[in-house]
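Asks: If you're matching them up, the sequences are chains A and B in order.
Numbers given in my numbering equal positions in the first sequence, counted from 1, plus 10.
Numbers given in my numbering equal positions in the second sequence, counted from 1, plus 23.
These are calculated hints, taken from the structure and not from any lab test.
By construction, the Cβ of each residue, glycine as well, lies at the ideal position given by its N, Cα and C atoms.
Take the hints with a grain of salt, since some may be wrong.
[Said to hold, decoys possible] Some chain A residues near chain B, calculated using beta-carbon distances under 7 Å:
hint : residue
1    : Phe49
2    : Leu53
3    : Ala75
4    : Leu82
5    : Ser85
6    : Phe98
7    : Phe101
8    : Ala102
9    : Asn117
10   : Met143
11   : Asn147
[Unchecked claim] Per label pair, the in silico range of CB-to-CB distance:
hint : chain 1 : residue 1 : chain 2 : residue 2 : range
12   : A       : Leu111    : B       : His83     : 44 to 50 Å
13   : A       : Leu166    : B       : Ala41     : 29 to 35 Å
14   : B       : Ala29     : A       : Trp122    : 51 to 57 Å
15   : A       : Ile22     : B       : Arg33     : 32 to 38 Å
16   : A       : Lys177    : B       : Ala41     : 35 to 41 Å
17   : A       : Val150    : B       : Phe30     : 54 to 60 Å
18   : A       : Leu166    : B       : Leu86     : 26 to 32 Å
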Amino acid sequence: MNLFITHALRFIIFLLAQVLVLNQIEIGLGIQLIIYPLFILLLPVELKTIPLMLIAFVFGLFIDAFSNTYGLHTSALLIFAYMRPLVFKLFAPRDGYDILLETNVFNMGYRWYFKTFGILLLLHHFWFFMFEMFKLNELVFVIQKTFISVPLSIFLCLFLQYLFIKKTDQP
Amino acid sequence: MRNFLAFIRRFRVLLVFALLQGVALSLYFTFVSFPRSQYLTTASYFSGAIFEFRNGITKHLKLSDNNTWLQNENIRLMEQLPVSFIKIESGKVSINDTVHRQQYDYMPATVINSTHDKRNNYFTLNVGKQQGVERGMGVFSSSGVVGVIHNTSNHFSVVKSCLTENINIDIIIEKTGQFGLLKWDGKDARRGTMYGVSNDTKVLKWSNVVTRGGGGIFPRGLNVGKVERTKVVEGKPLWDITILYSENYTAIQRVYIIKNLLKEEQYELENLIPVDQEK
């Protein structure tokens, strides 16, 4: 399938799954299941930072329009998009990234996935909860929310990749 | 000039990031304080329609609970009907009452989208400007206060619920008459806080808390909850009162919107107070 169509379809699917299903699951303890950053993670590696941020901005506005946060998700997703190239560079494989391969967990391996996505998601969640609260004396609650939500989101995204991404044979 | 262009080229990623971030955050903070448009919220036509479709599917899941609530409400209303009273004194003539005038108008609505676990929770209702809903009207349900209309479009409206930080509804402890403002600390959807009660008065536990009806939004006496605990605010002569809400906001569906028919009159009168003396 054409790369553009794949990502356009993912845009819609991630959006609907996030706002219609996951936003309604409210377990308590301030846990929020957030999977939409996976969309930004799976965008092609060779994409430059500025187009990446523009995509993140538009995608975030769509998420916001459905969850009455009006810019909060956008802001957090922008941090994710801005840091993605930097973190990718930090954990680059020895011989660089293969631009033909998608950066999913099968192509890149578990260690890479947990390190990269973990750090990016931690930033994203912390930024999101911090601006949602916007009070320094609630810092402990923000950190509690972040550290409970991040592992759940990471494992949910892992599970989703198992379900929906075809495993490509690697040499 | 060339240096300046070189500077922009060098930091263009950071500059674009700062620009977009600025747009996003300013959108967020202006919406929290005052919503200028209904676009990008669930009150917009597009997302409102999607949530209405979803509600069409999920509303049946809570049907039995809803029936029980409606039944209870019917019983309560039936108890107030003249039929359910025994006439003790006979021979009285009924008089057409011109002393009382209707002040509040009610309108039923359904919650089609709601959250309760975020810092500020907004509910979306299936009625809008075309049905006469305006910003600032009160919303309540059969068991308690729900919130205030924050934003409306033609067919939908967004409610700032009792689960937002600065909901600021005028409330009063029924028995003793101390009044204050309702706030929410963002942690527990069953509990809110009452702010502004001086701590040199005594607050009775488990006494009813109701609306005060001062702001012209709610009538006096709508249920809010009960006083659960009191604590002293550090450094201020105030009580920090925790209120156990009477309404379960995690499973809310049927609500009523209140229109105060005499609101304009009240505001006009209150605007006559000279500002400089109000210190």
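Asks: Lying within 51 to 57 Å: is that true of the beta-carbon distance alanine 29(B) to tryptophan 122(A)?
Replies: Given a distance of about 36 Å, which is not inside 51 to 57 Å, the answer is violated.
Asks: Regarding the hint that asparagine 147(A) lies at the interface with chain B, is the smallest CB-CB distance below 7 Å?
Replies: violated (11 Å)
Asks: Given alanine 102(A) as an interface hint, is its Cβ closer than 7 Å to any Cβ of chain B?
Replies: Not OK, violated: alanine 102(A) not within 7 Å of chain B, min 18 Å.
Asks: Can you verify the interface hint for phenylalanine 49(A): is its Cβ closer than 7 Å to any Cβ in chain B?
Replies: Violated: closest Cβ of chain B sits about 17 Å from phenylalanine 49(A), beyond 7 Å.
Asks: Does the Cβ pair valine 150(A), phenylalanine 30(B) satisfy 54 to 60 Å?
Replies: Given a distance of about 41 Å, which is not inside 54 to 60 Å, the answer is violated.
Asks: Could you check the hint for me, namely that leucine 111(A) and histidine 83(B) are 44 to 50 Å apart, CB to CB?
Replies: holds (45 Å)
Asks: Take the shortest C-beta to C-beta distance between leucine 53(A) and chain B; is it under 7 Å?
Replies: At about 16 Å, which exceeds the 7 Å cut-off, the nearest Cβ of chain B leaves the hint on leucine 53(A) violated.
Asks: Given phenylalanine 98(A) as an interface hint, is the shortest Cβ-Cβ distance to chain B below 7 Å?
Replies: violated (14 Å)
Asks: Take the shortest C-beta to C-beta distance between asparagine 117(A) and chain B; is it under 7 Å?
Replies: Where the cut-off is 7 Å and the nearest Cβ of chain B is about 26 Å from asparagine 117(A), the hint is violated.
Asks: For the hint 29 to 35 Å, verify it against the beta carbon of leucine 166(A) and that of alanine 41(B).
Replies: 31 Å Cβ-Cβ, so the 29 to 35 Å window holds.
Asks: Can you verify the interface hint for alanine 75(A): is its Cβ closer than 7 Å to any Cβ in chain B?
Replies: holds (4 Å)
Asks: With 7 Å as the cut and Cβ atoms as the points, is methionine 143(A) at the interface with chain B?
Replies: Methionine 143(A) check passes; min Cβ-Cβ to chain B is 6 Å, inside 7 Å.
In the structure shown, a violation is registered for the earlier hints numbered 1, 2, 6, 7, 8, 9, 11, 14, 17, in ascending order.
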